[in-house]
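Please model the entire structure based on the sequences and the hints provided.
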Amino acid sequence: GDSVTQTEGLVTLTEGLPVMLNCTYQTIYSNPFLFWYVQHLNESPRLLLKSFTDNKRTEHQGFHATLHKSSSSFHLQKSSAQLSDSALYYCALGGSALGRLHFGAGTQLIVIP
Amino acid sequence: DAGVTQTPRHEVAEKGQTIILKCEPVSGHNDLFWYRQTKIQGLELLSYFRSKSLMEDGGAFKDRFKAEMLNSSFSTLKIQPTEPKDSAVYLCASSLGDLDTQYFGPGTRLLVL
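Residue numbers (our numbering), protein chains in the order written: chain C, 1 to 113; chain B, 1 to 113.
Think of the hints as simulated: they come from the structure by calculation, not from any bench.
C-beta atoms are modelled at their ideal positions from N, C-alpha and C, and glycine is treated no differently.
Be aware that a few hints might be false.
Derived lysine-lysine pairs resembling DSSO-like cross-links, with alpha carbons at most 30 Å apart [what the hints assert, rightly or not]:
hint, chain 1, residue 1, chain 2, residue 2
1, B, LYS39, B, LYS66
2, C, LYS50, B, LYS85
3, B, LYS62, B, LYS78
4, B, LYS22, B, LYS78
5, B, LYS62, B, LYS52
6, C, LYS78, C, LYS56
7, C, LYS69, C, LYS50
8, B, LYS22, C, LYS50
9, B, LYS52, C, LYS50
10, B, LYS62, B, LYS39
11, B, LYS39, C, LYS78
12, B, LYS78, B, LYS52
Stretch-level coverage of chain C by chain B, calculated; a stretch enters the list once three of its residues show a Cβ under 8 Å from a Cβ in chain B [what the hints assert, rightly or not]:
hint, stretch
13, 44-58
14, 84-95
15, 98-110
Partial list, computed: chain B residues near chain C (C-beta under 8 Å) [unchecked claim]:
hint, residue
16, SER27
17, ASP31
18, GLY42
19, TYR48
20, LEU54
21, MET55
22, ASP98
23, LEU99
24, THR101
25, PHE104
26, GLY105
27, PRO106
28, GLY107
This is the structure we're talking about:
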């Protein structure tokens with residue numbers, strides 16, 4: 001079945017360093033949709049960015065990700081981490097079952113001064 | 001426009017009780033989702049409705065969890081009987097459908113003693 005793997009449960013970074021959160025997926029669907037949702041403390045998840053186009057960079061709020069179907073990946077990146085980026089990040093996969101998404105386990109990002 | 005609303009925001013129940021959580025999706029949205037969120041398991045799908053029809057009922061949750069969509073603007077999640085392991089945040093989300101953005105409500109934090 002469909003699944004999403006986020007290899008890092010916790011990432012701790014110093015402010016100003018680059019961010020990369022890993023996301024890989026498995027699906028039989030040939031046109032997957034990939035999403036990144038972000039959840040700040042005491043808030044609900046909200047969409048950060050999404051893509052369904054192979055090899056096209058998608059950007060929002062300083063973050064970017066590129067869907068690579070050849071490697072089944074959709075890693076989230078940012079050039080310079082800010083304290084306000086501290087949050088829980090979920091990668092999610094859709095495409096094979098109407099609107100249903102498969103969420104990864106989440107990566108907690110902590111940015112320290 | 002109002003976002004997704006959920007009530008109550010907090011609930012404390014004794015083991016064995018029946019509790020009902022409520023959700024009002026964004027007006028005009030066709031898809032409604034119930035999730036359970038814990039630190040260990042992350043986001044787990046409990047139920048998924050499209051245009052009030054139940055599309056998916058999370059297998060592991062079938063025996064004590066029942067979600068209903070009484071009309072396009074109201075859904076309930078009943079847990080009967082509650083167990084301490086049900087302590088979690090229950091999130092409701094809605095979307096236009098077809099892998100459009102899911103908008104999450106503020107959640108209900110449930111504690112079962």
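Status of each hint after checking the structure:
1. B/LYS39 with B/LYS66: holds (23 Å)
2. C/LYS50 with B/LYS85: violated (33 Å)
3. B/LYS62 with B/LYS78: holds (11 Å)
4. B/LYS22 with B/LYS78: Satisfied, since the Cα-Cα distance of roughly 9 Å is no more than 30 Å.
5. B/LYS62 with B/LYS52: Satisfied, since the Cα-Cα distance of roughly 18 Å is no more than 30 Å.
6. C/LYS78 with C/LYS56: Status holds; Cα separation ~16 Å.
7. C/LYS69 with C/LYS50: Distance of about 14 Å is within 30 Å: holds.
8. B/LYS22 with C/LYS50: holds (29 Å)
9. B/LYS52 with C/LYS50: holds (26 Å)
10. B/LYS62 with B/LYS39: holds (21 Å)
11. B/LYS39 with C/LYS78: holds (25 Å)
12. B/LYS78 with B/LYS52: Holds, at roughly 16 Å.
13. 44-58: holds (count 6)
14. 84-95: With 3 residues in contact (Cβ-Cβ under 8 Å with chain B), the coverage given for the stretch 84-95 of chain C holds.
15. 98-110: Coverage by chain B holds for the stretch 98-110 of chain C (8 residues, Cβ < 8 Å).
16. SER27: Constraint on B/SER27 not satisfied, violated at 17 Å.
17. ASP31: With a minimum Cβ separation of about 4 Å from chain C (threshold 8 Å), the hint on B/ASP31 holds.
18. GLY42: holds (5 Å)
19. TYR48: holds (5 Å)
20. LEU54: Result: violated, 12 Å to nearest chain C Cβ.
21. MET55: holds (6 Å)
22. ASP98: holds (6 Å)
23. LEU99: holds (4 Å)
24. THR101: holds (5 Å)
25. PHE104: holds (4 Å)
26. GLY105: Hint on B/GLY105: holds, closest Cβ of chain C at ~6 Å, below 8 Å.
27. PRO106: holds (6 Å)
28. GLY107: holds (6 Å)
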